[in-house]
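Enquirer: Sequences listed follow chains W and H, in order. In case it helps, numbering that gives the first Met the number 0 puts the first sequence at residues 0 to 469. In case it helps, numbering that gives the first Met the number 0 puts the second sequence at residues 0 to 242.
Hints in this document: simulated from the structure, not taken from any laboratory. As the structure is a prediction and not an experimental result, all values here were calculated from the model. Yeah, the Cβ is synthetic: ideal placement off N, Cα and C, and Gly gets one too. Please note: incorrect hints may appear among the correct ones.
Said to hold, decoys possible - Residues from chain W that face chain H, not an exhaustive set, calculated with beta carbons under 10 Å:
1) Ile66
2) Val68
3) Val69
4) Glu72
5) Leu75
6) Met76
7) Val80
8) Leu95
9) His96
10) Ala173
11) Arg174
12) Tyr175
13) Asp177
14) Leu179
15) Gly180
Here is how the chains run, residue by residue.
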Amino acid sequence: MASEVLAPPGLRPPLGAGATIGGFRIVERIHAGGTGYIYAVIAPPGRDPGFPLVMKVPAVGAGEPWIGVVAFEMELMIHPVLAGAHVPRFVAAGDLHTTPYLVMERIAGESLAACCARAPLAPEEVVGIGAEIADALHALHAQETVHHDLKPENVMLREDGTAVLLDFGFAHHARYPDLLGEQLQFEAGSAPYVSPEQLRHRRGDPRSDLFAWGAIAYELATGEPPFGTPQSLSGLRDRLWRTPVPPRARNAGVPPWLQEVILRALEPDAARRYQSAAHIAFDLRHPEQVALSSRSRRTEAPGVLRQMRGWWRARDGVLEAPPAPPRPAPVILVAVDTEHLEDARHPLIQWTARQVMSVAGEHRMMCVSVVPAPDPGAGAQLADTESGRQLEHLARLRHWVEPFGLPASRLSLHVVQASDPAATIVDLARRNHADLIVLGAPPPSVLGWWRSVASSVTASAPCSVYVVRA
Amino acid sequence: MIALLADVHANLEALEACLAHARALGARRFALLGDLVGYGADPGAVVDAAAALARDGAIVIKGNHDEAVERAPAYLNDMAQAAILWTRDALSDTQKAFLAALPLCVRDDTRCYVHGSADRPSRWTYVDGPTAAAHSMAAAAVPYTLCGHVHDQRLYFEAPGGRVSAFRPHAGTAIPLPVHRRWLAIAGSVGQPRDGDTSAAYALLEEARITFHRVRYDHAAAAQKVRRAGLPAILAYRIEHGV
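Go ahead and model the full structure; you've got the sequences and the hints to work with.
Expert: Below, the structure written as structure tokens:
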């Protein structure tokens, strides 16, 4: 067992203030948890990174579970390679055999656990926090990493609202060996958020994190975790088939569309869940675009018969189908010029969008039309005119996309009145985690390209751009 | 930093590309993990290169194809057999003597270098799964077992409880190898990769860290030499397609 071979000398937490590890001076202990201790620390002179620091020290030695040691080993491997605002910045790590520690950015802000303590929250707050967590998950999944222990204690909300994910001890990174593998058991604190696949010891599927997201959002909206707080493995297993009490039955203030989003994330079968955190973030930011199914209408827990069916299916092994890593579930933004529908480029853009979608997995198509902002001098009738134009262009957009036959859950329509179409498109793409922008090239002319929307979008897009030329 | 080069199989172009790649990344030590010859068209030049590296301190291990040059075993397939007969004629007595004198296994405090399995190396067992890997790691009895023979890059590791798992590495990603658990790395084949990628495969081992690499080289030239040498055409095809 790992605990026998790894017993670093001279490090038996907890350590007191004033102690120094690896040059970092301990100020105070701020947390003692199942797998380790967290201290606020000060960097040695000349190594100050310019932001506050915490040090994580694993609980190792006699009486400590080996899982903590392996989890720390995983964290040492994965945390340093993660980047972005949704992960604490990595600063330093100690040698695993002599002085194991991890120094990282201390996140100022509120723990999601504190938000959960205040739950049920107003739906707007659930939506806002939920979208931030979905953004963070999307950023993590884009780095080939699945968190696998998403729970309120492991999420911090920065002062600007950005969600930061903590604790990568149970994470799975596609480029690194998975030391935990099938050995993993679950801590009591994680039980409410563990996905059905994880109970079946399947790791590396990002949709597991989306289930945990659903459990967190459910708790924020209702004040209770969807499957209670099970203390035993058999208590955990009913999520393999059970459909939770609908959030609206516990809090009538939850809008049907939000219930739809939460229950879809909590589907026992990963294939019926959201396939990408970006899609969750998108739906939360565009409630009017959420396609409502029977999930949104449920007012009570499904009847005995329905639950039995779910139980039978799970038992029957239908859900046992190996979770083939989901195909990429991209967000494709198609810019449509609804001012000039006669343009010869339209059929080509439609053809291109269709080609792209035919090779993608579960995709999401955003159709965007940017129409010029109305002249501010138009006077009192401005509001009417504005909404009239909006509706007219929305109708044109709907007509344009009709031949695709996309279900409402895969499609969203956006008419934006703005003076700078390129900036608007790039901004929409960034905020909605678009993977590809499809738009038309300007008509051929020497100077046309440099002044075109296509060139500006290409120059500043956060993703690939497909410029369609007639 | 030590470059692990296995299954060169007389492919000089691939060997030179890997050596250059490793040196550019700072490698000054080399370990050739067996099967210097067989299949490819440049056995003499590859053996000379290995001998030169050995004079500078490189570890060179004997593989089953190297052994077959001195005494043909019954179990080589026809294609390999044809290549060995050809190779025997192509090598000088000095080169043959170099191959014959190679050790089957070299061990130091933390590492064991071997061509196939460290569990009875002369049997040329393929480490083709967690069970075979567990046997090899147990016999090696050191944290790092480094081998070839199987042509695909793999990293096996001991999980808590002693269970061994396999991991398919991604080229260019440095993986920490803490010394408290046992690891077995298959460096991949320099001269005859078989995973559909024509790039030469090797690995760089640092203190408690390994990076698997793939290096593009002029595989068309290497394949052309195989054809011109009159070796079985399938051997050229394998180099051209990485199969």
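Enquirer: Next, verify each hint and record whether it holds.
Expert: Cross-check of the supplied hints:
{"no.": "1", "hint": "Ile66", "verdict": "holds (8 Å)"}
{"no.": "2", "hint": "Val68", "verdict": "holds (8 Å)"}
{"no.": "3", "hint": "Val69", "verdict": "holds (6 Å)"}
{"no.": "4", "hint": "Glu72", "verdict": "holds (6 Å)"}
{"no.": "5", "hint": "Leu75", "verdict": "holds (7 Å)"}
{"no.": "6", "hint": "Met76", "verdict": "holds (5 Å)"}
{"no.": "7", "hint": "Val80", "verdict": "holds (8 Å)"}
{"no.": "8", "hint": "Leu95", "verdict": "holds (5 Å)"}
{"no.": "9", "hint": "His96", "verdict": "holds (6 Å)"}
{"no.": "10", "hint": "Ala173", "verdict": "holds (8 Å)"}
{"no.": "11", "hint": "Arg174", "verdict": "holds (4 Å)"}
{"no.": "12", "hint": "Tyr175", "verdict": "holds (6 Å)"}
{"no.": "13", "hint": "Asp177", "verdict": "holds (7 Å)"}
{"no.": "14", "hint": "Leu179", "verdict": "holds (8 Å)"}
{"no.": "15", "hint": "Gly180", "verdict": "holds (5 Å)"}
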